[in-house]
Amino acid sequence: MGKSRVRNNIRKLRFFHDEMTQQQLAEKVGVTRQTIIAMEQEKYSPSLELAFRIALVFEVPLEEVFSYDAQAKSK
Amino acid sequence: MSYQEKTIAVSLVNYLLILGFYLIRVFQMIQGGGFNSTNVFRLWGIVIVLAIVVTILATILTHTVSGIIHAAKTKEKTTIKDIQDERDRLIDLRGTKIAYFASSIGVFLSMLTFALGQRSLIMFSMLIFFGVVAQIFGNISRLYLYRRGF
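Those protein sequence lines, which keep their order, are chains S and A.
Position 51 of the first sequence, counting from 1, maps to 51 under the working numbering, and the rest follow consecutively.
Position 121 of the second sequence, counting from 1, maps to 121 under the working numbering, and the rest follow consecutively.
There could be a bad hint or two in this list.
As the list claims (entries may be wrong) - Cross-link-like lysine-lysine pairs, in silico, DSSO-like; alpha carbons within 30 Å at most:
1) S:Lys28 / S:Lys3
2) A:Lys97 / S:Lys12
3) A:Lys73 / S:Lys43
4) S:Lys28 / S:Lys12
5) S:Lys12 / S:Lys43
6) A:Lys97 / S:Lys3
Just so you know, these hints were derived from the structure itself, not from any lab.
Nothing here was measured: the structure is a model prediction, and the numbers come from that model.
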């Protein structure tokens, strides 16, 4: 448990998309707000499908939303 | 606390109450000399029916109360988010796995008492006890995963 090795820029991307709320993003990608919160806190690594859906909402490539930190401590 | 967490918390309280009721009844039977197959199997039936009925009623109540609170807070038309997304399903699966594991250990211990020469009634009493305890473990682990992160 704890921090995931998958890093993300969801909070920053939300800010640059008219300060989109967590609830708005959650509704657009079809998950609960709690899941968005868990992802932003890097406590949950989304499935590949959800990751693509989030990237599509922000209209950026997947790598701009998510990155993998191999040096980080494992779960 | 999300809707899913509230439902799990209510379920946890239900199972704790059912476990308390079961233990009190068993001790009453042992002390009163009524620890026989008729009483034990009647208690089995009561516990299983209670677990089903109370869980259904508690889920409906949680849904209704959450809806009222949500409507009172936001002044919006109530739309309870009872969808299960991928994270909810993963947490549910993990909780079920832990509950099955606890249940398996319980069944093993119950059978062990029988194998070691105890009465079959002891084994059956332990089976239902560990069944309820397994559900409690499952719910605690689900709540833990929601709080700690998954």
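Hint-by-hint comparison with the structure:
For a cut-off of 30 Å, the pair hint linking Lys28 of chain S to Lys3 of chain S stands: about 25 Å separates their Cα positions. Under the criterion of a C-alpha separation no larger than 30 Å, the hint pairing Lys97 of chain A with Lys12 of chain S is inconsistent with the structure, at around 36 Å. For the hint pairing Lys73 of chain A with Lys43 of chain S, the CA-to-CA distance comes to about 28 Å; that is within 30 Å, so the pair holds. Using a Cα cut-off of 30 Å, the hinted pair Lys28 of chain S and Lys12 of chain S holds, with the two alpha carbons roughly 17 Å apart.
For the proposed pair Lys12 of chain S and Lys43 of chain S, the alpha carbon gap of about 17 Å is at most 30 Å, so the pair holds. Only pairs whose Cα atoms come within 30 Å are accepted, and Lys97 of chain A paired with Lys3 of chain S is accepted, the gap being roughly 22 Å.
Of the hints listed earlier, the one the structure fails to meet is number 2.
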